[in-house]
Amino acid sequence: GAVVSQHPSWVICKSGTSVKIECRSLDFQATTMFWYRQFPKQSLMLMATSNEGSKATYEQGVEKDKFLINHASLTLSTLTVTSAHPEDSSFYICSAASGGNEQFFGPGTRLTVL
Amino acid sequence: GDSVTQMEGPVTLSEEAFLTINCTYTATGYPSLFWYVQYPGEGLQLLLKATKADDKGSNKGFEATYRKETTSFHLEKGSVQVSDSAVYFCALSGQSTGGGNKLTFGTGTQLKVEL
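Heads up: the sequence lines are chains A and B, in that order.
Note that the first sequence covers residues 1 to 114 in our numbering.
Note that the second sequence covers residues 1 to 115 in our numbering.
Be careful, since some hints might not be right.
Pairs of lysine-lysine, DSS-like flavour, derived with a Cα cap of 25 Å [what the hints assert, rightly or not]: (1) B:K102 - A:K20; (2) A:K66 - A:K14; (3) B:K49 - A:K41; (4) A:K64 - B:K102; (5) B:K60 - B:K77; (6) A:K41 - B:K112; (7) A:K41 - B:K102; (8) A:K55 - A:K20; (9) B:K49 - B:K77; (10) B:K68 - B:K52; (11) B:K49 - B:K60; (12) B:K102 - B:K68; (13) B:K60 - B:K112; (14) A:K55 - B:K102; (15) B:K102 - A:K66; (16) B:K49 - B:K112; (17) A:K64 - A:K14; (18) B:K68 - B:K56; (19) B:K68 - B:K49; (20) B:K77 - A:K41.
Restraint ranges, calculated between C-beta atoms of paired labels, are given here [unchecked claim]: (21) B:E42 - A:H85: 23 to 31 Å; (22) A:Q29 - B:G9: 32 to 40 Å; (23) B:K60 - A:K64: 38 to 46 Å; (24) B:S14 - A:Q29: 43 to 51 Å; (25) B:G29 - A:E52: 24 to 32 Å.
From the derived model, a few chain A residues whose C-beta atoms are all more than 10 Å from chain B [said to hold, decoys possible]: (26) C13; (27) L68; (28) H85.
It is worth saying that the hints were derived from the structure and are not from the lab.
Just so you know, even glycine gets a beta-carbon here, dropped at the ideal spot from N, CA and C.
One chain only, chain A, in its complex shape (with noise of 0.2 Å):
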């Protein structure tokens, strides 16, 4: 199957600063990129919608101020968590699918923030 990558695998960071999480697709185009947020024994909450050259759509409840995304071209869209805080800390998995087919998963970032 379809090949998506996540960079970094985990970041340690401190409270007020700002980390990026690349989501990347690496054999095929990405029309549409999704980002999720997964909480220890919780399901996956989808956050945002994005597609190729136009901006992100969120998801009811999550401020598009302080997670920004970037979907600038077909193999790559960018998550950033502005001003990060202890309870950003979370696992953030993002999927990636050409048209309206199968989203194909990356191995997911873990995110600390101190």
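With chain A's structure known, arrange chain B on it following the hints.
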């Protein structure tokens, strides 16, 4: 809104035992249903899916049948192996606010298979 409920884990089985992981859903319309598997240190992988009522999805010995009357999509395997140890997620597809298929996930069920 859409929701998925699946049995809590961890589920611990001996090799060659029969596996059932229950999954029920609530949704508007007629969603597609999925089972994803997450092996340690890896991303979610699609295990199987069913797109309409009474469809049976199957892969690697796993099966699940889309039951509209009971709004269920239980995962089964007749004989599990140690290599099946992973976290299993039930999910359904709907429409995201940004367009495209939005996946709503259950909480995941960890399966441990022992020799």
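* Asked: For this structure, which hints from the list above don't hold up?
  -> Every hint satisfied by this model.
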